[in-house]
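*Asks:* Construct the entire structure; sequences and hints are all you get.
Quick mapping for you: the protein sequence lines, in order, are chains V and P. With our numbering applied, the first sequence corresponds to residues 57 to 169, in that order. With our numbering applied, the second sequence corresponds to residues 279 to 389, in that order.
Simulated from the structure, these hints should not be mistaken for lab results. Just so we're clear, the structure is a prediction, and the values are computed from it rather than from any experiment. Glycine is no exception: its CB is placed at the ideal position from the N, C-alpha and C atoms.
Calculated from the model, a selection of chain P residues having no Cβ within reach of chain V, i.e. all distances over 10 Å:
| no. | residue |
| --- | --- |
| 1 | Ile296 |
| 2 | Asn300 |
| 3 | Gln342 |
| 4 | Leu385 |
SDA-like, lysine to any residue: derived pairs with alpha carbons at most 20 Å apart:
| no. | chain 1 | residue 1 | chain 2 | residue 2 |
| --- | --- | --- | --- | --- |
| 5 | V | Lys96 | P | Leu289 |
| 6 | V | Lys97 | P | Tyr317 |
| 7 | V | Lys94 | P | Pro286 |
| 8 | V | Lys96 | P | Asn300 |
| 9 | V | Lys94 | P | Glu323 |
| 10 | P | Lys320 | V | Leu67 |
| 11 | P | Lys371 | V | Glu100 |
| 12 | V | Lys65 | P | Arg319 |
| 13 | P | Lys320 | P | Pro286 |
| 14 | P | Lys334 | P | Phe353 |
| 15 | V | Lys109 | P | Gln376 |
| 16 | P | Lys371 | V | Gln151 |
| 17 | V | Lys94 | P | Lys320 |
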Amino acid sequence: DTEVTQTPKHLVMGMTNKKSLKCEQHMGHRAMYWYKQKAKKPPELMFVYSYEKLSINESVPSRFSPECPNSSLLNLHLHALQPEDSALYLCASSQLGQTYGYTFGSGTRLTVV
Amino acid sequence: QKEVEQDPGPLSVPEGAIVSLNCTYSNSAFQYFMWYRQYSRKGPELLMYTYSSGNKEDGRFTAQVDKSSKYISLFIRDSQPSDSATYLCAMTKNTGNQFYFGTGTSLTVIP
Numbered sequence: 057d058t059e060v061t062q063t064p065k066h067l068v069m070g071m072t073n074k075k076s077l078k079c080e081q082h083m084g085h086r087a088m089y090w091y092k093q094k095a096k097k098p099p100e101l102m103f104v105y106s107y108e109k110l111s112i113n114e115s116v117p118s119r120f121s122p123e124c125p126n127s128s129l130l131n132l133h134l135h136a137l138q139p140e141d142s143a144l145y146l147c148a149s150s151q152l153g154q155t156y157g158y159t160f161g162s163g164t165r166l167t168v169v
Numbered sequence: 279q280k281e282v283e284q285d286p287g288p289l290s291v292p293e294g295a296i297v298s299l300n301c302t303y304s305n306s307a308f309q310y311f312m313w314y315r316q317y318s319r320k321g322p323e324l325l326m327y328t329y330s331s332g333n334k335e336d337g338r339f340t341a342q343v344d345k346s347s348k349y350i351s352l353f354i355r356d357s358q359p360s361d362s363a364t365y366l367c368a369m370t371k372n373t374g375n376q377f378y379f380g381t382g383t384s385l386t387v388i389p
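*Replies:* Spelled out as structure tokens, the structure:
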């Protein structure tokens with residue numbers, strides 16, 4: 057299995073809703089990442105998990121809450137989002153210290169109304 | 279100044295043309311250089327990876343790195359309509375835990 061699977065593919069949520077994005081990989085990668093990508097922009101790093109521990113938080117607002125329950129799963133819990141948070145949310149994984157790139161999932165397209 | 283600069287295009291070429299995509303960067307600590315292809319509404323897919331300066335070829339794709347000029351290129355030979363996508367350059371300093379992306383170049387190959 058050489059894939060990173062993200063669910064759901066599309067999500068529409070109101071500003072008072074609570075929802076979660078899910079990411080799963082079975083490649084034995086011990087680093088997992090959340091990126092946010094706006095239209096026609098590059099991906100922006102949000103969080104990095106190494107060995108299931110949060111190692112990088114790029115000053116992301118607390119309305120985004122990551123969780124790594126085990127080495128194969130990564131969640132992003134969403135609460136009280138704003139319309140400007142609408143974007144493609146990408147999960148990626150890699151071997152720790154791997155310098156030749158991540159494996160990205162197809163993303164969750166989030167719309168906040 | 280951004281760490282990585284990439285012309286966003288859009289770039290439109292006829293089928294069979296040679297395409298040249300480029301990025302410049304400012305940080306001489308970057309050691310590892312990658313090109314990703316991203317189709318509309320999909321995640322980026324790793325296309326090419328190069329360490330330090332030099333060339334790397336894979337089928338119709340050639341990646342070049344010139345560290346002295348802080349300039350990297352991706353060449354696509356015999357371009358196909360299926361090559362129509364956004365191409366993102368990316369680079370990292372050492373252990374690879376943080377990547378720096380260019381803004382992406384949108385490419386359309388016209389049949």
